[in-house]
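Trainee: From just these sequences and the hints, can you work out the full model?
Now for the letters of each chain:
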Amino acid sequence: MPIPFFAFHKTKAIFLKELTCEFRCHYGSGSLLMFSLTTLAAVSMSIGSQSLEPEFLSVLFWIILFFSSMAGLSRVFLQENDAGTLQTLRIYAGSQPVFFGKFLYNLLLLFALTTFLLPLFVIFLNVSLPHFFSLCLILLLGDVGLAASTTLIASLITQAQGQSSLFTVLNFPIILPLLLFCIQLTTAAFSPEDFVIGSQMLFLAVYDVIILALASVLFDYIWYD
Amino acid sequence: MPIEIIFKDIKKTYGEKSLYQNLSGCIEAGRCTCITGNNGSGKSTFLKIIAGLIHPTSGTFTYREAGKHCSLEQIREQTAFVSPEIQLYNALSAFENLHFFSSMSFSSPLKKEELRNLLQKAGLANEADKPLGSFSTGMKQRLKLALLPASKRKLWLLDEPSSNLDDAGRRIVDSLIEQARREQRTVLLATNVPTEVAYADTIFRLS
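In order, the protein sequences belong to chains A and B. For the first sequence, our numbering gives the first residue as 1, with consecutive numbering after it. For the second sequence, our numbering gives the first residue as 1, with consecutive numbering after it.
Since the hints were made in silico from the structure, they are not lab data. Just so you know, not all the hints are guaranteed correct.
[Claimed, not checked] Calculated lysine-lysine pairs in the BS3-like style (CA-CA distance at most 30 Å, straight line):
| hint | chain 1 | residue 1 | chain 2 | residue 2 |
| --- | --- | --- | --- | --- |
| 1 | B | Lys130 | A | Lys12 |
| 2 | B | Lys140 | B | Lys121 |
| 3 | B | Lys152 | B | Lys111 |
| 4 | B | Lys130 | B | Lys152 |
| 5 | A | Lys12 | B | Lys140 |
| 6 | B | Lys130 | B | Lys111 |
| 7 | B | Lys68 | B | Lys152 |
| 8 | B | Lys68 | B | Lys8 |
| 9 | B | Lys140 | B | Lys111 |
| 10 | B | Lys130 | B | Lys140 |
| 11 | B | Lys152 | A | Lys12 |
| 12 | A | Lys12 | B | Lys112 |
| 13 | B | Lys140 | B | Lys112 |
| 14 | B | Lys8 | B | Lys140 |
| 15 | B | Lys17 | A | Lys12 |
| 16 | B | Lys130 | B | Lys112 |
| 17 | B | Lys121 | B | Lys152 |
| 18 | A | Lys12 | B | Lys111 |
[What the hints assert, rightly or not] Simulated DEER-style distance windows between Cβ atoms:
| hint | chain 1 | residue 1 | chain 2 | residue 2 | range |
| --- | --- | --- | --- | --- | --- |
| 19 | B | Ser71 | A | Pro173 | 29 to 37 Å |
| 20 | B | Lys68 | A | Phe8 | 22 to 30 Å |
| 21 | B | Tyr14 | A | Ile197 | 55 to 63 Å |
| 22 | A | Ser49 | B | Lys112 | 32 to 40 Å |
Using N, Cα and C, we set each Cβ at its ideal position, and we do this for glycine too.
Mentor: Shown next as structure tokens:
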């Protein structure tokens, strides 16, 4: 169902509600940041002063980002379910404002995580950034795809048992193509050779649009059925 | 215009347990209909089916507004629900909860003064800016009741609305049902409390 114009203020209300609750309780951001920090510290200490190839660096970066997001982004619906507010939201809020409000909130959390992780990654692992702005674009597109997929799957698993493992398992096949392209592009962005924005970047953008549109359509069925 | 609901041959089963068999009837537009029955007879389940939160095993619901057929999506946008299972956000204040849920109903939320006025009527004026986590069960129930006029929806589903309320709280329920009658809202009430059953124009007894 396409999001009607008048639903934007509802999307904004959901987004602001998520932000206010997060600001007061730190449910999602705490686990995201702590997970990424401990993983990065473990990787950094085990590597020591070795200098890694761009291929390894980009794989490490996206693995940390992927598993950190798996640790925190499911809370956007699980927290509602645990608090008993999911049913209230189903009664008073329409499906599309809920999906887009929570997607935007997850996206903001991912942006914050990426902004937190990147400088630490550069410092701890002694990474040079010859194509900084291209890297920012790759991270932006990667974060959009990750946020759309995690928001949809988080809503799907609210009634299931073993939610956290199921969340990672269900997200993995959806995110895998995105992750592979992000790793390839990040490798190129970490390399000193010339970086060309080509078909892979376009693929990332199209993938984001498709996954967001599919998630929006599927969410109606998840929300009401 | 008020909403009318016609249900026909409704059946709901959980595993081998059957709650109703071929339940049929009409919830009249702009009137107060009461559902009574023993514990476990399916009163709350019926309200959830009407709200579109769960589906019946079989049977049909027809929704009408001013004689015109309405879809379930349109009815969802017009449904307000008060029930012991409905929870509000403990991290937000009473005012923020009311503001958030009223903004889900309109193109622009109610004005602050209107929301404060509703909180005052619910007896929560002094607690309006305190987090809901510090509220008692009765105070939370009062806030849920304040959501009914705040959402301005045409169909009110009330599941034991007086539960956990003191005498003053029960008077709020009285005045809300009176208000619903005046404003021609359709009210469906699930209760066994005789004073609440007395509000009803029509009574269904589930066995």
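Trainee: Give a verdict on every hint.
Mentor: Here is what the structure says about each hint:
| no. | hint | result |
| --- | --- | --- |
| 1 | Lys130/B to Lys12/A | 23 Å, holds |
| 2 | Lys140/B to Lys121/B | 14 Å, holds |
| 3 | Lys152/B to Lys111/B | 13 Å, holds |
| 4 | Lys130/B to Lys152/B | 24 Å, holds |
| 5 | Lys12/A to Lys140/B | 25 Å, holds |
| 6 | Lys130/B to Lys111/B | 19 Å, holds |
| 7 | Lys68/B to Lys152/B | 20 Å, holds |
| 8 | Lys68/B to Lys8/B | 18 Å, holds |
| 9 | Lys140/B to Lys111/B | 22 Å, holds |
| 10 | Lys130/B to Lys140/B | 12 Å, holds |
| 11 | Lys152/B to Lys12/A | 20 Å, holds |
| 12 | Lys12/A to Lys112/B | 18 Å, holds |
| 13 | Lys140/B to Lys112/B | 20 Å, holds |
| 14 | Lys8/B to Lys140/B | 35 Å, violated |
| 15 | Lys17/B to Lys12/A | 43 Å, violated |
| 16 | Lys130/B to Lys112/B | 16 Å, holds |
| 17 | Lys121/B to Lys152/B | 15 Å, holds |
| 18 | Lys12/A to Lys111/B | 17 Å, holds |
| 19 | Ser71/B to Pro173/A: 29 to 37 Å | 34 Å, holds |
| 20 | Lys68/B to Phe8/A: 22 to 30 Å | 28 Å, holds |
| 21 | Tyr14/B to Ile197/A: 55 to 63 Å | 56 Å, holds |
| 22 | Ser49/A to Lys112/B: 32 to 40 Å | 59 Å, violated |
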